[in-house]
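Using the hints, put the two chains back together into the complex; each one sits in its own frame.
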Amino acid sequence: MKKSSEKWRTCLNKESVAGVVFTLPFILGFLLFMLVPMGISLYYSFCDYNILSPPVFTGLKNYTNMFHDETFFKAIGVTFYYALVSVPLRLIFALMVAMILLKTTKASGFYRAAYYLPSIIGGSVAVSILWKRMFAIDGVINKLLSVFGLEEGISWLGNTKTAIWTLIILAVWQFGSSMLVFLSSLKQIPATLYEAARVDGASSVTQFFKVTLPLLTPTIFFNLVMQMINGFLAFTQCYIITQGKPMNSTLFYTVYMYQQSFEYYNTGYGAALAWVMLAIVGLITLFLFATKRFWVYEGGV
Amino acid sequence: MKRKLAMLMTGLLTISMLSGCGNSANTETDTGSAANTGTTTDTAASTEQSDTSTQTAGSGSAALTIAWWGNQTRNERTQQVLDLYSSANEGITFDGQFAEWADYWTKLATASAGHTLPDIVQMDYSYLEQYVSNGLLVDLTPYIENGTIDVSNISDNALDPGRVGDGLYAINAGVNVPTVVYNKTLLDENGITIKDNMNLEEFYAVCREIYEKTGYKTDVFYGNGADYLGYVMRGEGTHLYSEDGKLLATEEELKKFFDIYETGMTEGWMCDPSIYAERTIGTPEQMPLVYGSSPATMSWCSFTWSNSLASLRNAAPEGVELAITTWPSADPVASDYLKPSMFFCITTDSANPDASAAFINYWTNDIEANKILLGERGIPISSEVADGISELMDANQQDAANFINDVVTPNSSTIDAPMPEGAAEVTQMVNQLVEKVCYGELTAADAANQLYTQGSAALEK
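In order, the protein sequences belong to chains A and B.
For the record, in the first sequence the residue sitting at position 18 is 18 according to our numbering, with numbers rising by one throughout.
For the record, in the second sequence the residue sitting at position 385 is 385 according to our numbering, with numbers rising by one throughout.
So here's chain B without its partners, still in its complex pose (with noise of 0.2 angstroms):
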């Protein structure tokens, strides 16, 4: 008896784990959505709202969720600029929530879902075409027309990339620019130097030089690099993706990116990339330019961007000088652009699209605020903005703001447009073709074949 009721439990509990298994897509979303309600609310009549135009703009009270991605740096400066808001502004209330990149998407997409979104969003230029075509983002041209959010200071250009179609979805938070962060001090105590606009061949001498002399190694891009191969098909002459969203660079100049992986492993001046499989990618606290147990695992350069500098700075090791210059190609000029860092948005979940704009307007062109912020998100673009707050930067945010205007804008062309639908997949594709490049696993014409294949028909889909 006691042996059947046995069997009889473990049946019963065979088939509650098992419809445990099946549902787990679906209960992650549940909770996510669940995770988010109470935060907005009231989620039916914002699309109404987000249409008509505002009078009473910046009054009244609001509870706004705002959400970012980003670092510690960024995390500590934007609470502040909203308890100032809060104070500031009789009412208004604000739940900041931070992640992670990647995490950021995740929690975005399972709120999105369930029209749980937050108020205002960062967004990034390679996201924002999806969001909009979606209709989860808010149309701000009436509240440019009205008044309340001030574009009297920003040049076109600086608004341009957060158009979409006849709309504009998305407020510039600032300019960025493809950066190498370096160890200065090491490179000093080493007699080597670094000048701007390095071609490949000027890059993987230094990169021997160093490994010859110090053991320090390399940091290319690993495990998100696809930026860095529309830079390097920049360089080539050509562009990555082509106007109607097909692939444009031939497999011949795919290659010329996987070069760069191949020569530097089997040079092995190259970080190992078994190192990568403990840290974050992306998350400056943890790239092997400030973070390492000995040079093997550590290198003399980071690639990243303008605005990560502050952070990188924040991170390295006391007595270690960081400098910047441009990523390598093989025409730098050619290659280099001005980027938007990332985007403010309001969301079709919003039940406070008025109050939102306001603080949107705030957020750019606000002086006091700024002075708070210091273009940790990328160099401010309202022009009154970025001069008001010129001597209070600090020596990152000067060196990255003249770096900008003195290295990069003389020497770019316009930003590639907005990644095309199927481009997240070549993305992906991207990463883990470099990661078996690295292994040894393929060669570099052998991943340039296969990302040409697999990549086109991801983009035929």
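Next comes chain A alone, as it looks inside the complex (with noise of 0.2 angstroms):
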């Protein structure tokens, strides 16, 4: 008896227990809530399923219906573009105000954590209702224009050439995170850099293309990364905002697949589109990953 308590407390004691005991609430997360999940998703795919009635295998059909699914080809279209305009811009737009909160004043902190807001509540279902509000025909955006002399209302939102771009600025509007990354970078370059450069007699502007810029490459990567993720797998915008009105203009694939999942019931087709998303963002993250030698600058300072 006193051996097996003794025993037990050895047990106890080693490092690889404790490490154990203190990953579990993680492990068992990521088990029952990711990969069983995953698990069963993917078996989904492969089954005729509608949530009513018990799934049906019925193989690759659910991927192969992909090719004769002319929305499908539309939702990833959208997709793209609104990923890569939307993307791009934040980042530019993200790194600009970075350069302007760069130098510290008594203000700057108010500025930070007033910039960052709109990261904090962008995401959020009160924030697509506001968007969907300020452009609707009776909306801010019309009522200021016509200050200026347009009075007759434009139909943002219901224009397919203007729907995505309200959704393409609600995220450039975003930029919170990617800016706060590229602050605390643009602080770690050293200032004798610049007085070096100021020394070579390098205008502000060769400054910033030849010496801040190379040295955030590394920066501009991740968030890159990061964002091209976030900007394929974009939902709340577009579920609330426009529903991907009019005329599919603004299908989000994500959107997509939970119109296929959950309005239409078709699961099982729900879940293949899940997995083809995973598949090429996995390509996109890869295909950036591969650029990455060409201009992301890796050496010291």
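Please keep in mind that the hints were generated in silico from the structure rather than gathered at the bench.
Treat each hint with caution, since some may be false.
[Claimed, not checked] Subject to a maximum C-alpha distance of 30 angstroms in a straight line, what follows is the list of computed DSBU-like cross-link-like pairs (lysine-lysine):
(1) K61/A / K246/B
(2) K195/B / K184/B
(3) K213/B / K143/A
As structure tokens, then:
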């Protein structure tokens, strides 16, 4: 009896046991809420499943059906357009604001917080609804424009050309997290480099392109990868503001996936769509990593 | 070192985000059902109970969950009836859950996957067959046989739409008819009168005249027009679906439906499709009839059902009087029908089917309860209740009842059979094609052609 309790104690005192115990919450969470649902979703993607009745195995049918699905290609197109336009714009904007906020004054702490605010509330339903009202025919944007003589209200959300831009602008507005990352790495650039550049007679524009930008490339790369993934997986904005309307011109891939799964009850097909998205995002990330050696500066300062 | 660490972090975050993408479909399901657990308990026992007939219906304690879709008026009145029933029946408590139409069906589907469906659900004609064939609803016949649900004052015509196969799975919550609600004040001011049973040519003439005189446009079903398609097909002397679940209407006949939108858009009197991008389609409060900033974004009429008259009138601006007429088609008398507006069903997930059945009986036959509801879901099916509340009904319900009894009933025929399997996809197609016609991307003929070929293919599956 005594022996076994002693054994138990030595066992608990082992370093590896402590490690396992402390990581258990994550491991359990990962297994239960990530791996298991992913496994189930993979299985559903090979099934004809409509939620109401049990899944029936159909092999690759869901995947081959995508080739005949016009809306699938439309959604892919829209999502690529959104991600490829909004992410670079957001990064440029974030870098610009970061450069402005770099100068430390008494108020800079306040401004940093203020500019970060949209990103905190950015993905929320409330902002999406606000956005929808702002761009409505009788919304704030049109009221502002009418001051400048544009009396006829423009239907921003109802026009196939402008609707996607309301979403892109919302994405650009949420530049805060990229801005903070830029800000911290801007601060790490040694002042001596700028001094040397000044001595050599470099203008501030030259300084930016020859000193700042090259040293920022690892940060830009990090931001690009993260935001690209975020961009491809955007859901809330589209689901609340446009629902893909008009004419599917704003139909994000994730929203299409949701519609198939829970509105048309083609849940098996929805799961297949999810796995295709996984592959697409994986490939894009791989592609970005492959281009890394051509433009990312990894040498020391 | 630092940079290497950053790269590692990037990689790790990438992986975790990617996996977040992959399983999102499933987490939806999980959260959906998780939200519902606790509202219903002991699902395993319920299926056995549901088949046995009951002795002590209505007594004992139970926490019942009841779900419906609807509008502000309906939510308030339903909640009042639930409160009244709880206070009269010791031990019965309710958890009333409501949602808008589209969200409601999503919610119900996810709940069914987790076997956590509410005890009592509001059901629509178009979904009934699907839910019954998947074994999600309880056959109510035993409850009628043992008297828990009293149908002595209900005609067979009113009960029959709730039958699927040999069982009665749903109790009609009220009678509904296709209705155009229009702005009578606006029309009176401009000396325009509307007659019932307009055909399409007469309807076009009215739309043009109103547009020329007032600038108000016309709002015909947009994004939810499948019922109207069926109605127009009946006017052409055919049906949208055949009895064996195929498309019965020909391409030529289908074109007649898209012609309405093409004509409206080319002549300019139809609401611009862009106005719908900002609204929740099908919500009375946001219909162009009652909501909009200028005549160009508003409509003189709204295509809907007779039971939404009350909420439309509630939502109408002060001083605007709304009146009702029939949907137009080539032959409205051939088109028109009475429809069960919605049903109440007991699900097989219910732990308290007996108490649920007792409540459905109360809902259907109790005059006091219906004095609160006042036919908001449609005219009550029990003749005694209908008589009992007729004096109390306000102008809205009186008008709707008179419209149903005097205008539609004498000029109507039996409703089409419930939609066949695969019809949901056709419905979706109709909405998208209407959108394309309104945005000028397709002609009516092209739209009809696509609906015919792709719709037939969808129904083959």
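Hints versus structure:
At roughly 23 angstroms between alpha-carbon atoms, K61/A and K246/B fall within 30 angstroms of each other, so this suggested pair holds. Pair hint K195/B plus K184/B holds up; C-alpha atoms about 12 angstroms apart against a cutoff of 30 angstroms. Restraint check for K213/B and K143/A: the C-alpha separation of about 27 angstroms stays at or below 30 angstroms, so the hint holds.
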